[in-house]
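Undergrad: Work out the full structure, taking the sequences as your base and the hints as a guide.
2 protein chains.
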Amino acid sequence: MGKKINKTDRMAVITKILVENPKKIFTLNYFSEILNSAKSTLSEDIDVIENVFSEFELGEINSISGAAGGIYYNPKLTDSQIDNICDELCDLINDKSRIIPGGYVYMNDIFYNPNILQKIAKSLANPYLDKKIDYVVTIETKGIPLAIMTANILNIPMIVVRKKARLTEGTTIQMNYLTGSSKRINTMALPKRSIPKGAKVLFVDDFMKAGGTAKGVNDLMSEFEAEVVGIAVVMSTKEPEQKIINNYYSLLEFDGIDEKEEKINIYRRKNNN
Amino acid sequence: MGKKINKTDRMAVITKILVENPKKIFTLNYFSEILNSAKSTLSEDIDVIENVFSEFELGEINSISGAAGGIYYNPKLTDSQIDNICDELCDLINDKSRIIPGGYVYMNDIFYNPNILQKIAKSLANPYLDKKIDYVVTIETKGIPLAIMTANILNIPMIVVRKKARLTEGTTIQMNYLTGSSKRINTMALPKRSIPKGAKVLFVDDFMKAGGTAKGVNDLMSEFEAEVVGIAVVMSTKEPEQKIINNYYSLLEFDGIDEKEEKINIYRRKNNN
Chain X
1 MGKKINKTDR MAVITKILVE NPKKIFTLNY FSEILNSAKS TLSEDIDVIE NVFSEFELGE
61 INSISGAAGG IYYNPKLTDS QIDNICDELC DLINDKSRII PGGYVYMNDI FYNPNILQKI
121 AKSLANPYLD KKIDYVVTIE TKGIPLAIMT ANILNIPMIV VRKKARLTEG TTIQMNYLTG
181 SSKRINTMAL PKRSIPKGAK VLFVDDFMKA GGTAKGVNDL MSEFEAEVVG IAVVMSTKEP
241 EQKIINNYYS LLEFDGIDEK EEKINIYRRK NNN
Chain L
274 MGKKINKTDR MAVITKILVE NPKKIFTLNY FSEILNSAKS TLSEDIDVIE NVFSEFELGE
334 INSISGAAGG IYYNPKLTDS QIDNICDELC DLINDKSRII PGGYVYMNDI FYNPNILQKI
394 AKSLANPYLD KKIDYVVTIE TKGIPLAIMT ANILNIPMIV VRKKARLTEG TTIQMNYLTG
454 SSKRINTMAL PKRSIPKGAK VLFVDDFMKA GGTAKGVNDL MSEFEAEVVG IAVVMSTKEP
514 EQKIINNYYS LLEFDGIDEK EEKINIYRRK NNN
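Chain order of the listed sequences is X and L. Numbered by the working numbering, the letters in the first sequence go through residues 1 to 273 in order. Numbered by the working numbering, the letters in the second sequence go through residues 274 to 546 in order.
No lab work stands behind these hints, which were simulated from the structure alone. Glycine is no exception: its CB is placed at the ideal position from the N, C-alpha and C atoms. Honestly, I wouldn't trust all of these hints.
To be clear about the criterion: a stretch of chain L counts as covered by chain X if any three or more of its residues have a C-beta under 8 Å from a C-beta of chain X, and this derived list gives those stretches [as the list claims (entries may be wrong)]: (1) 291-303; (2) 381-395; (3) 407-417; (4) 440-448; (5) 459-467; (6) 522-536.
From the derived model, a few chain L residues whose C-beta atoms are all more than 10 Å from chain X [unchecked claim]: (7) K280; (8) S310; (9) I337; (10) N347; (11) D352; (12) C363; (13) I421; (14) R435; (15) E500.
TA: Here it is in structure tokens:
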């Protein structure tokens, strides 16, 4: 279309395209073509969006200069936004109707709700937004929706480690590992072609107890000559305090259920390392 | 903040909030408070966004009048946008390096890529955007990322049917069903509290052959007194032409692999019923 469009219209179009594609880089040329506007004009538009996003704490608009350069929406949260999300999540979890005999807590409605997952995924991705990471890795099944939402925020693909090899996925590397808490032997499997040598991955899961699964994924990644550069979980248990793995980022801390008082002990985790 | 903000700034803020939350309804009061602007002014802003979205085929801004009313972003695609997504997908799939011995096609990189999933999910959700649907239902494992992305587009929760009951999910209804093609008996399980009576669900999956799984999910939903109001899959096989279930929406049609010619026969499906 040959028609020029005005500034308010350009605001809506540019914001829409950027926000719907977090961390995806768009060139000024791209916007110049669809909006039939000069790059200098668009630069000014983008400055306006950048400033208003910053003022209203709606995330960042970042620029990359040079030949491969462009702009992208970086869905950063402030510390207090993350704290609020964690507090909301604790309120949601700490509901005695969630208690399942055996000391479990029913959470499917939380981990399968895209609205809530969006907030959790943004909070989990936050420390990794500016790091060089190639894949989000998770293990089936419950963590998958969270992992794909986190991968979407980071604009990188996801890899799902299976609990056994599948015929339909081709040649697979299978490995045994020891769960950290119950000391059972489990199996992990991943198709050979899933991940290239040298890849940097972020392991994402809903829950971490002793860290046996995270350690297993770490070992599996070594088999692929890939490297785990971060471990991010929604909840970690207070006990054992000393996990099998060292560094991990966890939003909440779970300290068991008080079955007599019908209370689920879940708190925002402080001092993430 | 007491400061009034100008129209270009308001455009960016309103667009950002609407687009990041597809199908979520926001009141004018909400925007009036955060933007410190009169509702009449905001109505005009929203008209501008609505018009420019329509002009650039970026989806719709819809209004609901009345006490529970407000506005929302409806991520509709045009027919030709869906056709383009399907053609892109066919090009991506029809790559001989994907062929796995046994007649399988490797597709993890597609179904675990959030960028591609966004497009597929929007296409799958498209016929259901204006229907009354309460849940997206899928069965573990491969369809989960697609299902949560589709649920996100529709702004409804997802339910994952498991292949066996889990201790951690409480009382579970378990059911046997017959796969449609190989006539094996498989199991489906779903926690009792997952889904309320009378719920309307959309079944989403990556692949459909004879439709045995879809039929199984249909029967399982009957056990819960819930109703399957739609079946949406990315790919359905050409054979058997007569599926066990009647109405389904499928983006692509798969007609097997020509192993000698190393060709994967995949096409955009016409005449969805």
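Undergrad: Next step is simple, just say for each hint if it's right about the structure.
TA: How the hints compare with the structure:
Only residues whose beta carbon comes within less than 8 Å of a beta carbon in chain X count, and the region 291-303 of chain L has 4; three or more means the coverage holds. Here the region 381-395 of chain L counts 8 residues with a CB under 8 Å from a CB of chain X, which clears the bar of 3, and the coverage holds. Counting residues of the region 407-417 of chain L whose C-beta sits closer than 8 Å to any C-beta of chain X gives 3, which meets the bar of three, so the coverage hint holds. Check on the region 440-448 of chain L: 4 of its residues sit with their Cβ under 8 Å from a Cβ of chain X, so the three-residue criterion for coverage holds.
With a threshold of 8 Å between beta carbons, the proposed coverage of the region 459-467 of chain L by chain X holds, since 3 of its residues qualify and at least three are required. With 0 residues bearing a CB less than 8 Å from a CB of chain X, the region 522-536 of chain L misses the requirement of three and the coverage assertion fails. Separation of L:K280 from chain X is inadequate, the least Cβ-Cβ distance of about 6 Å not exceeding the 10 Å criterion. L:S310, annotated as away from the interface, keeps every beta carbon of chain X farther than 10 Å; the closest lies near 13 Å.
Residue-level check passed: L:I337 sits 18 Å from the nearest beta carbon of chain X, beyond 10 Å. Taking the minimum C-beta to C-beta distance to chain X, about 13 Å, the non-interface status of L:N347 holds against the 10 Å cut. Annotated as non-interface, L:D352 keeps its C-beta farther than 10 Å from every C-beta of chain X; the closest such distance is 20 Å. For L:C363, the non-interface assignment is confirmed: its Cβ lies about 20 Å from the closest Cβ of chain X, beyond the 10 Å cut-off.
A beta-carbon of chain X is positioned within 10 Å of the beta-carbon of L:I421; the least distance is around 4 Å. The non-interface label for L:R435 is inconsistent with chain X: the shortest C-beta to C-beta separation is roughly 7 Å, within 10 Å. No beta-carbon of chain X comes within 10 Å of the beta-carbon of L:E500; the shortest separation is about 19 Å.
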